[in-house]
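Number of protein chains: 4
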Amino acid sequence: MCGIFGVYGHKDAASLTYFGLYALQHRGEESAGIVTYGKKRIRQHQSMGLVNDVFDEKALRSLKGDAALGHVRYSTTGSSIAKNIQPFLVRHKKGHIAIAHNGNLTNAAHLRHGMEETGSIFQTTMDSEIIIHLLAKFRGKDYKESLLKALSQLEGAFSVVMLLNGTLIGARDSFGIRPLCLGKLDGAYVLASETCALDLIHAKYIRDIKPGEVVCIDKTGFKSIHLKSKTRPAHCIFEFIYFSRPDSDIYTKNVYLTRKRLGIQLAKESPVKADIVMPIPDSGNYAALGFAEESGLPFEAGMIRNHYVGRTFIQPTQHIRDFNVRIKLNPIKNVLKGKRVIIVEDSIVRGTTSKSRVKTLREAGAKEIHMRVSCPPIISPCYYGIDFPTEKELIASSRSVKQTRDFIGLDSLKYLSLDGMLNSMPLSKDKFCAACFNRNYPIKFSKRFKKSVFEKRR
Amino acid sequence: MCGIFGVYGHKDAASLTYFGLYALQHRGEESAGIVTYGKKRIRQHQSMGLVNDVFDEKALRSLKGDAALGHVRYSTTGSSIAKNIQPFLVRHKKGHIAIAHNGNLTNAAHLRHGMEETGSIFQTTMDSEIIIHLLAKFRGKDYKESLLKALSQLEGAFSVVMLLNGTLIGARDSFGIRPLCLGKLDGAYVLASETCALDLIHAKYIRDIKPGEVVCIDKTGFKSIHLKSKTRPAHCIFEFIYFSRPDSDIYTKNVYLTRKRLGIQLAKESPVKADIVMPIPDSGNYAALGFAEESGLPFEAGMIRNHYVGRTFIQPTQHIRDFNVRIKLNPIKNVLKGKRVIIVEDSIVRGTTSKSRVKTLREAGAKEIHMRVSCPPIISPCYYGIDFPTEKELIASSRSVKQTRDFIGLDSLKYLSLDGMLNSMPLSKDKFCAACFNRNYPIKFSKRFKKSVFEKRR
Amino acid sequence: MCGIFGVYGHKDAASLTYFGLYALQHRGEESAGIVTYGKKRIRQHQSMGLVNDVFDEKALRSLKGDAALGHVRYSTTGSSIAKNIQPFLVRHKKGHIAIAHNGNLTNAAHLRHGMEETGSIFQTTMDSEIIIHLLAKFRGKDYKESLLKALSQLEGAFSVVMLLNGTLIGARDSFGIRPLCLGKLDGAYVLASETCALDLIHAKYIRDIKPGEVVCIDKTGFKSIHLKSKTRPAHCIFEFIYFSRPDSDIYTKNVYLTRKRLGIQLAKESPVKADIVMPIPDSGNYAALGFAEESGLPFEAGMIRNHYVGRTFIQPTQHIRDFNVRIKLNPIKNVLKGKRVIIVEDSIVRGTTSKSRVKTLREAGAKEIHMRVSCPPIISPCYYGIDFPTEKELIASSRSVKQTRDFIGLDSLKYLSLDGMLNSMPLSKDKFCAACFNRNYPIKFSKRFKKSVFEKRR
Amino acid sequence: MCGIFGVYGHKDAASLTYFGLYALQHRGEESAGIVTYGKKRIRQHQSMGLVNDVFDEKALRSLKGDAALGHVRYSTTGSSIAKNIQPFLVRHKKGHIAIAHNGNLTNAAHLRHGMEETGSIFQTTMDSEIIIHLLAKFRGKDYKESLLKALSQLEGAFSVVMLLNGTLIGARDSFGIRPLCLGKLDGAYVLASETCALDLIHAKYIRDIKPGEVVCIDKTGFKSIHLKSKTRPAHCIFEFIYFSRPDSDIYTKNVYLTRKRLGIQLAKESPVKADIVMPIPDSGNYAALGFAEESGLPFEAGMIRNHYVGRTFIQPTQHIRDFNVRIKLNPIKNVLKGKRVIIVEDSIVRGTTSKSRVKTLREAGAKEIHMRVSCPPIISPCYYGIDFPTEKELIASSRSVKQTRDFIGLDSLKYLSLDGMLNSMPLSKDKFCAACFNRNYPIKFSKRFKKSVFEKRR
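These protein sequences, in sequence, are chains A, B, C and D. Under the numbering used here, think of the first position of the first sequence as 260, with each following residue one higher. Under the numbering used here, think of the first position of the second sequence as 260, with each following residue one higher. Under the numbering used here, think of the first position of the third sequence as 260, with each following residue one higher. Under the numbering used here, think of the first position of the fourth sequence as 260, with each following residue one higher.
Since the hints were made in silico from the structure, they are not lab data. Just so you know, these numbers come straight off a predicted model, no measurement behind them. Please note: incorrect hints may appear among the correct ones.
[As the list claims (entries may be wrong)] Below 25 Å or equal to it, Euclidean Cα-Cα: the simulated SDA-like pairs (lysine to any residue) are: (1) B:527 - A:535; (2) B:443 - A:565; (3) A:396 - C:342; (4) C:527 - C:679; (5) C:527 - D:553; (6) C:661 - C:530; (7) B:512 - B:552.
From just these sequences and the hints, can you work out the full model?
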């Protein structure tokens, strides 16, 4: 997963992009970068690390220009190296191309293989570089035509923001799998993965970029063109379940309210006698609020999250039981002791983390533990950009709900039903990709692709 | 404010102290330090920054020994320099003294002045250094006698942990103003500001150090001696209101449950017709839960906190309205639009932050905003270690509730009553210092002290 | 200018390369990098900075493998960015190519333009990338054939070391403009810009790589192939005058002894009555020794070099006269006072540095100052890799010797004659490129090239 | 050893001090610090590292004020820690004291012991802190009287620069063991260890601070007072032999010329048939020039020093013969092959370094190697600030010249005679301390002192 942001026509383009990335930090904690354009010069600053660490005032001041694009990157297995930081920028005889990409191409290996055969050199393992090579290859008189030609070669999920010789471009694949929205601020155009980035800079949300739409923004204004291929919405439903920020609107609808509705539906489907409802903070908070409201049971903060714990921390010298759970989440014994507890989780991936948490809650004195999950079992990987593990590692792909319950050590375990989830969505159910739950992938892909995906994983 | 931690008799003393400080990070974000003792050698590592930044594995490995003490320090005005990092360590002809201190002495200037007159040299502006000078001055044959003599000179609040030639010492002033608790792990003794530090390392909570008690732990075991001065509990009530972690037990009682009770009492005292109850996250969460439960109104997350925002961030180049609120807390318009909102705050200090937040909520569409505060108006400074501003800057010391309401821009504002607060406490009301609310300071102090305090502030 | 180094067949390949670069540091102070190959894996570490700053023990340990190549880079105008650090490495469907390059191609712009036309993407502004693109383009069954094909496209100066799928390759252009020598250590082959790098690791010097020769070293041993184009030696004479280390052998001959002979010849051609001979340390030391020996005048250290002064230092707040001279070189008044001084310089480029130094010597009390330069006037730029300024900035291209003397503020100024220089060389005079002195460039170049050179300069 | 610098009455005090320390860097490479005073505020910046690393423009800008003092520190065994960086600064009820010290007190342990008995606390192991404690102890109405009282307690060598409530003070022990000179620049006064620091900032040398003199510089001007104890010059002769910069004047006389005279005298005393004279660069350069001039033999650079080698470097993975010599000094085989070589060294301490160098020269082909040393054998430690090893480790204290010759592997070895050295000095022979050569220590010291010195060494 990644977060992308772009702005055109604002004298504080770099500063706005910096804050846009700040708001999108949850979409990628590994690296951050900004490219700006102004007075015919392109500038770039990027590094491994969080947005706040990568940029300081001096770096921002150096990023002159009134057009900018930025990217935050999530660490996916094996390629967590400095070279892969985005935006990807190429200077060229006839100018420059910079690109920030969110999503995953399913024909990347195929395209790359073909171009390497004819002597092309690739610097990185990123899909973004492939898009740039295609743009270079198809370059003609009319850059819009070239754009459509190049983007038409791509299969898979892509929401991209580009700077092409000073023109800001935003594009989304024909299925609109990853989000991308458009805003305005002081007359300037803004593109962002989520609306929370617009909110922070006080930009006004205009609309989403449509599936298959390519928008080009330059001195002459805003133009919208479209990929020729057939389009139909297949928005990633997992953005609503877990990935997006609760204060964002995604595919035009609010995330927090959706999550709360999932919790309400979950309480309707799978009630259980208990004393309290508690979330796994923070991702389970919102569905838990809905569950508590619907069930009439008291909502309690049974575990307190330590917000100082970063992504990594030193392991203790000696074994401390369930340390990795407790350093992040400390249970409150006085709340849990002798209680029948319902814990609400947003989703279960491998099940190992849940297992440790449940053990910790039992030690703190919980008498019964009933887990309620605000989505169905995840049974199949995502090939469009969510970093799930391989099918084998997904607990629900190989174990029944009962087996999973026993593995985690629960008194009861219930998932939200597929229909329950789809019906709780704020858009009609045919507008989503829910392939990770139902294996119904909207885009065909070759065997070679699957192979390459699994190889990358190893 | 500060957090202190000590351990005696454990081969992983440094590692345990590191995690103890990790758990106490909320008590001081400015600097961190650890001193260890083993095989007659004393070792030290400290720096400005969060615990996770100050220590790496190499540093921890170098901190050998089976006794250790640690400190996290809060930035108080004007003295935020490297020299003032604790623990404060002195190597001496006859050995060493290391000290970690939480609290504030009210006769520090007086003691220091006297010792400087006779040629003593002070390196820092810290109270801890004064305690060490007293220990050096009163040193006799029996270190316990010296200890009692030195500590008897101190007026004000102190919870301290010391290493004195390999003996771990814990002490608390005669009023027990700041917390300090005792735990055990694998036969080793542990001292900590709050029980959340014991929880993380899986140590068992034994009891609190008593007001006026001095405990000495060495090879020969655990001994408890007592200051001669009269003791009576006057525990800081603000630890319950705001400062301690909700999952901690303070003065033997749980913080989270106390905060929830404050919210329940608040709802009883000051109900109001509204659509939703929301907290200012995270510090207002727990009272808000109590308020919602008691009032029967739905609890909603009306603002989402961005957990990536550190203590400092770059300011935007151009003015963005209410930026400093919104970078930390983003309101969800779909939740707030047209609603009558009750917001629950733990406390109001200057009122300026509340004012900005309320403005942001109004812009997001809230129709009515009613603020409920889970403690009485703060009208007087704390001289025992809480970093409140001067009396003049405390909004409640110069404005009536009505004026404050108007300043913040509220439809209604209600504080919890003094009796309501005291009666919601888990200990009897005469066991607390509530001087910031009622000016009833348990310890007398000279004019010189007040003067020095205010001078430090400037 | 740059320094290159390679080793094949030694278990300490990275460590040896590190020391090789250490010895070649004078050829490039801006950045350093090493690529190693072993067990089918390629590894890379590089950064801006001196060799000692770029590598630490951890970095060296991570550079596993028994083949390695390294590069130190000199900062040339305008392209001093991290992206341009060498060795340049590309991972490819069929393997990898890494290259370290010393020299300057005169048809780089032409080659690049052609490849960009057909859709190639260039990441850097370095000649090395062009070589890699050519290798990718001409790749056939036999990599040796491809190599010769690709290298045949190049015009200009190149001494290169490459790793091509685990084979170490060394090559030199048909004129042998830049040096490259071959050594052996414990059965392993070593390639280096200068012999001082062999000395440091105690490798035995074998021979120079010949003009137009390509050597390939792999498991099967050492093979030598040759470019088809006609070859004739045109070794850069400036390596002897200034660039190489005095303890190196270049083109098989020692640098120190050559410089001393230049000083002897200079004393023969241009004697002058004086009290002392002094060098501008350290580059003028060796010719000054020869001059003093031949003239019978005492050699004195009239200026002492401060070896702590790095490439950059903070400028003083207020104006201090001739500060930038004196921070590096402090004159000794007691030596200079009232003396007639001969100062021996290796060369004069812009003349401005000499002017400041002479002023400083006058202030220190020198009565007469006679400058003797151990090469002829530099009148034309180098297009083969020496970073001279443009012709306009070369003082000798626009001013007569008399005008230069007056500009610098000398009592007399004499250059070594062209014949005097060539006859002092340890190889016959037709084996050198002395184009910077006589405009006799051995390689033709197009107008476009000249244009591109000057554009880069701006 | 250390370098000290002070300036009073100049708006660029910090910047001038920075450059002063730059010039004095050879006196201490471990740490650097500056303290400034202006508008009643004292400021400080210091760190481990070279001057150029410790200070940047921001640090210098922050060091406001028109009085400043600075210090560079040499790493002496065991106490190379951040706490010991100088200047040492204490803020005090009545003001501040900052001190930079060069030299070594012989009654430090005694003084410290006494003050600890009465309850004083010491932060560091530095002599400077003792001086500050004495100043605090003897503080009276008249600071000059206090100064004389405090400094009178000190035994041993001290050249100090102090800032005492805005007054700049310079003082030197009664024997004037370490150098300290006075200069003027734009009306401001400057104090420095060596004149090379005055040269760099273009200050005019006025005179040396006299033995036992204390100078006080403030708004009212320059005053000179004197310690009551008897004074007689006993200047450290080793400053001339090795320690000071050749371009400095020490004790009013030039170092370079003195070293050259030592070489001339050495050639007179101990001629030998040989082909060339070569120095061990850079410290042997100047005596070697004198030796070559007097002997009529050609001076050759037989070894080239690599100026990029810092104080530390990574050791090679595998054994490379004489690596630690060759990384710093590369012999030129063509110069040495078959030659009878005289190498001129400034001094021999342990003999181990010379041994390795001689081995390297033999391998490079030298036929005969004759070493000439420009001072007598060092037989006794320095207790006044030169960091010699213990007597046992000084090769000349336990081995005869013949044994030393064999240990090092020489064909012949000759030291300069004691009289030859003293007579070559530019001041009369009774003005020097030459105790390291003749055990004639000018200051008595107790057994306790010797013991403490040796303990520190372990």
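> Straight-line Cα separation of residue 527 of chain C and residue 679 of chain C no greater than 25 Å?
Replying inline: holds, 10 Å
>> Checking one constraint from the list: CA of residue 661 of chain C to CA of residue 530 of chain C, max 25 Å. Satisfied?
In response: Status holds; Cα separation ~17 Å.
>> Run the distance test for residue 512 of chain B versus residue 552 of chain B: straight-line Cα separation, threshold 25 Å.
In response: Answer holds: residue 512 of chain B to residue 552 of chain B is near 21 Å, not above 25 Å.
> Taking only the CA atoms, is the gap from residue 396 of chain A to residue 342 of chain C under or equal to 25 Å?
Replying inline: With a Cα-Cα distance of about 23 Å, the restraint between residue 396 of chain A and residue 342 of chain C holds, given a limit of 25 Å.
> Has the given pair, residue 527 of chain C with residue 553 of chain D, been kept, meaning a C-alpha gap of at most 25 Å?
Replying inline: holds, 24 Å
> Is residue 443 of chain B within 25 Å of residue 565 of chain A, Cα to Cα?
Replying inline: Status holds; Cα separation ~23 Å.
> Going straight from one Cα to the other, do residue 527 of chain B and residue 535 of chain A come out at no more than 25 Å?
Replying inline: holds, 22 Å
In summary, this structure violates none of the numbered hints.
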